[in-house]
Amino acid sequence: MIRKYDWLHFMHFILCFGYILFSLFEQYFTHFGSKFNKNTIQITDYLSVKVNAVFPLIVITTWLAYAFVQTIMILNFDFKKTYKLKSYNIKVINWLMIFNVMIVLLFSTLFIHRFLSSSLINIDFVYNGMVSFILFFTVGWLCFKPQVLYNLLEPDTIPINNNIIPKIEEVKDTLPIISMLTEDKKIDYLITLERAFLSKKLFLKKNLVIRDLSDETGIPVHHLSSIINSEYNLHFQDYVNLKRIEYFKDNVNDIDWKHLSLEGMAWGSGFKSRTTCFRAFVKHTGKSPSEYFKFIRVSHEERKEYLVK
Numbered sequence: 001m002i003r004k005y006d007w008l009h010f011m012h013f014i015l016c017f018g019y020i021l022f023s024l025f026e027q028y029f030t031h032f033g034s035k036f037n038k039n040t041i042q043i044t045d046y047l048s049v050k051v052n053a054v055f056p057l058i059v060i061t062t063w064l065a066y067a068f069v070q071t072i073m074i075l076n077f078d079f080k081k082t083y084k085l086k087s088y089n090i091k092v093i094n095w096l097m098i099f100n101v102m103i104v105l106l107f108s109t110l111f112i113h114r115f116l117s118s119s120l121i122n123i124d125f126v127y128n129g130m131v132s133f134i135l136f137f138t139v140g141w142l143c144f145k146p147q148v149l150y151n152l153l154e155p156d157t158i159p160i161n162n163n164i165i166p167k168i169e170e171v172k173d174t175l176p177i178i179s180m181l182t183e184d185k186k187i188d189y190l191i192t193l194e195r196a197f198l199s200k201k202l203f204l205k206k207n208l209v210i211r212d213l214s215d216e217t218g219i220p221v222h223h224l225s226s227i228i229n230s231e232y233n234l235h236f237q238d239y240v241n242l243k244r245i246e247y248f249k250d251n252v253n254d255i256d257w258k259h260l261s262l263e264g265m266a267w268g269s270g271f272k273s274r275t276t277c278f279r280a281f282v283k284h285t286g287k288s289p290s291e292y293f294k295f296i297r298v299s300h301e302e303r304k305e306y307l308v309k
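Residue numbering for the sequence shown follows full-length UniProt numbering, beginning at 1 and increasing consecutively.
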C-alpha cells in the first residue's frame, strides 16, 4: 500500500538537483561574468555565498532528522515483547544499531563543527571525509555480508507438528462453464497457459492474481479458473505456488543461489515471505524446505557413492 506522504522522501533529490543546477550556473557566470552588468554580478555573488553556506547545513540537518526517526523506530522495536521475531533478526538489528550510531555521531559532530570557526580545518574536507567514511563502511560491510539486506542464514525453526496432516481443500465442484468449451479450445488454453508460465515465468511476480494472468494470456478470468479447477484440481493460488515450488527445486543447487538464505530463495521463487514458502511446501510436498534440503543432500551423496562403485 502506497502511503500518502511517501513523495516527501523524493524532495531531497529535487533539492540536490536544484543545487547542482545552481552550481553549474555559478560556474557559467564566473566564466562569462564580464558580459553582465555590476548589479547582476553583485546579486549572483550574494546568492552564491548564501546558498553555499546554507545547503550543507540543510543536508546535515536532514541526515540527523532521519537518524533520529530511525533511532526511535529501533528503540520501539527493541522495547516491544517481540522475542521470537528478534531471535530471527538479532544480527540485522545489531547492524542497524551500529550504522545508526555512526550516522548520529558523525553528523552530530559535523553539525556542531559548522558553527565553530577554525582556520586549521577545511569544513568541506571534513564533510566529504565523513560522508565517504560512512559509504566505505556500508559498502565494505555489505560486500562481506550481503545477506543483511534480506536475511541472514539461519535454520528453519518454524515448529512442525508431525501429528497434524496438512489440510488440503478439495475442489468440490467444477465450474459448469468448462462444459461450454470444446476439447480443442481447452487444449489451446492449456498450451497458452503453460507457455506463459514457462517462457515469461509469471509466477515470479509476488502479487500475481488471476486478472494479471488473464491480461497476459488473453484467456477470460472465468475460463482460467474453470480450467485450473478441472484439469489440475487446484485453486489458482495453489497452482501458482506449485509452479514456484518447481522453480525452487530446479534452482536450489544453482551457483547463484548458494549464498542465499531460505528467505532469499523463497523471495527469488516468487513467494512473499519464508512463511508462505514453508506453508506451500508442506501443503503440496508433505515436507518442509529444510527437510527437502536434507533429502536432496542424501540423494546426492548416494549418487556419488554409486558412481564411485
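Hints are supplied without guarantee of correctness; some may be wrong.
The calculated lysine-lysine pairs, modelled on DSSO-like cross-linking and capped at a C-alpha distance of 27 Å, are [to be verified]: (1) Lys249 / Lys185; (2) Lys186 / Lys258; (3) Lys185 / Lys283; (4) Lys201 / Lys243; (5) Lys287 / Lys258; (6) Lys200 / Lys185; (7) Lys283 / Lys294; (8) Lys200 / Lys294; (9) Lys294 / Lys243; (10) Lys200 / Lys186; (11) Lys258 / Lys185; (12) Lys243 / Lys206; (13) Lys201 / Lys258; (14) Lys205 / Lys283; (15) Lys258 / Lys206; (16) Lys272 / Lys243; (17) Lys249 / Lys294; (18) Lys283 / Lys272; (19) Lys258 / Lys294; (20) Lys272 / Lys287; (21) Lys294 / Lys272; (22) Lys243 / Lys185.
Label-pair ranges, simulated between beta-carbon atoms [stated by the list, open to error]: (23) His31 / Trp7: 44 to 52 Å; (24) Gln42 / Phe136: 54 to 62 Å; (25) Asn253 / Gln70: 36 to 44 Å; (26) Leu190 / Ala65: 53 to 61 Å; (27) Tyr28 / Val92: 44 to 52 Å; (28) Tyr46 / His9: 43 to 51 Å; (29) Leu57 / Trp141: 43 to 51 Å; (30) Leu47 / Lys200: 52 to 60 Å; (31) Asn128 / Ser199: 16 to 24 Å; (32) Asp254 / Glu231: 12 to 20 Å; (33) His222 / Glu183: 16 to 24 Å; (34) Asp254 / Phe25: 36 to 44 Å.
Rather than coming from a laboratory, the hints here were simulated on the basis of the structure. By construction, the Cβ of each residue, glycine as well, lies at the ideal position given by its N, Cα and C atoms.
Structure-based check of all given hints:
1. As the CA atoms of Lys249 and Lys185 are separated by approximately 31 Å, the hinted pair breaks the 27 Å bound.
2. Taking the CA atoms of Lys186 and Lys258, the gap is near 40 Å; set against the 27 Å cutoff, the hint is violated.
3. Restraint check for Lys185 and Lys283: the C-alpha separation of about 31 Å exceeds 27 Å, so the hint is violated.
4. With a C-alpha separation of about 9 Å, the suggested pair Lys201 and Lys243 falls inside the 27 Å cut-off, and the hint holds.
5. Distance hint between Lys287 and Lys258 is fulfilled; the C-alpha atoms sit about 21 Å from each other, no more than 27 Å.
6. Our distance criterion of 27 Å between C-alpha atoms is met by Lys200 and Lys185, whose separation comes to about 22 Å.
7. For the suggested pair Lys283 and Lys294, the alpha carbons sit about 18 Å apart, so the restraint of at most 27 Å is met.
8. A threshold of 27 Å between alpha carbons decides the hint, and for Lys200 with Lys294 the separation of about 31 Å lies outside it, so the pair is violated.
9. Restraint check for Lys294 and Lys243: the C-alpha separation of about 21 Å stays at or below 27 Å, so the hint holds.
10. A threshold of 27 Å between alpha carbons decides the hint, and for Lys200 with Lys186 the separation of about 21 Å falls inside it, so the pair holds.
11. For the suggested pair Lys258 and Lys185, the alpha carbons sit about 43 Å apart, so the restraint of at most 27 Å is broken.
12. Taking the CA atoms of Lys243 and Lys206, the gap is about 13 Å. The hint holds against a cut of 27 Å.
13. Annotation: proposed proximity of Lys201 to Lys258 holds, straight-line Cα distance about 21 Å (limit 27 Å).
14. Note on Lys205 and Lys283: the hinted pairing holds, with a Cα-Cα distance of about 21 Å set against a maximum of 27 Å.
15. For the given pair, Lys258 sits about 22 Å from Lys206 by alpha-carbon distance, which is consistent with the 27 Å threshold.
16. For the suggested pair Lys272 and Lys243, the alpha carbons sit about 14 Å apart, so the restraint of at most 27 Å is met.
17. Distance hint between Lys249 and Lys294 is fulfilled; the C-alpha atoms sit about 13 Å from each other, no more than 27 Å.
18. Taking the CA atoms of Lys283 and Lys272, the gap is about 16 Å. The hint holds against a cut of 27 Å.
19. About 15 Å separates the Cα atoms of Lys258 and Lys294, which keeps this hinted pair within 27 Å; it holds.
20. Note on Lys272 and Lys287: the hinted pairing holds, with a Cα-Cα distance of about 19 Å set against a maximum of 27 Å.
21. With a C-alpha separation of about 24 Å, the suggested pairing of Lys294 with Lys272 holds against the 27 Å cut-off.
22. Restraint check for Lys243 and Lys185: the C-alpha separation of about 23 Å stays at or below 27 Å, so the hint holds.
23. Distance hint check: the CB atoms of His31 and Trp7 are about 37 Å apart, inconsistent with the given range 44 to 52 Å.
24. Checked against the given bound of 54 to 62 Å, the beta carbons of Gln42 and Phe136, roughly 41 Å apart, lie outside it.
25. At about 38 Å, the CB distance of Asn253 to Gln70 agrees with the hint of 36 to 44 Å.
26. Range check, Leu190 to Ala65: about 56 Å between beta-carbon atoms, so the 53 to 61 Å window is met.
27. In this structure, Tyr28 and Val92 meet the distance hint of 44 to 52 Å, their C-beta atoms being roughly 47 Å apart.
28. For the pair Tyr46 and His9, the beta carbons lie near 32 Å from each other, so the given range of 43 to 51 Å is not met.
29. Our hint of 43 to 51 Å for Leu57 and Trp141 is violated, since their Cβ atoms are close to 29 Å apart.
30. Our hint of 52 to 60 Å for Leu47 and Lys200 holds, since their Cβ atoms are close to 53 Å apart.
31. For the pair Asn128 and Ser199, the beta carbons lie near 49 Å from each other, so the given range of 16 to 24 Å is not met.
32. Asp254 and Glu231 have their C-beta atoms about 30 Å apart, which leaves the hinted 12 to 20 Å range violated.
33. Range check, His222 to Glu183: about 18 Å between beta-carbon atoms, so the 16 to 24 Å window is met.
34. For the hinted restraint 36 to 44 Å between Asp254 and Phe25, the CB-CB distance of approximately 51 Å leaves it violated.
In summary, the numbered hints that this structure violates are 1, 2, 3, 8, 11, 23, 24, 28, 29, 31, 32, 34.
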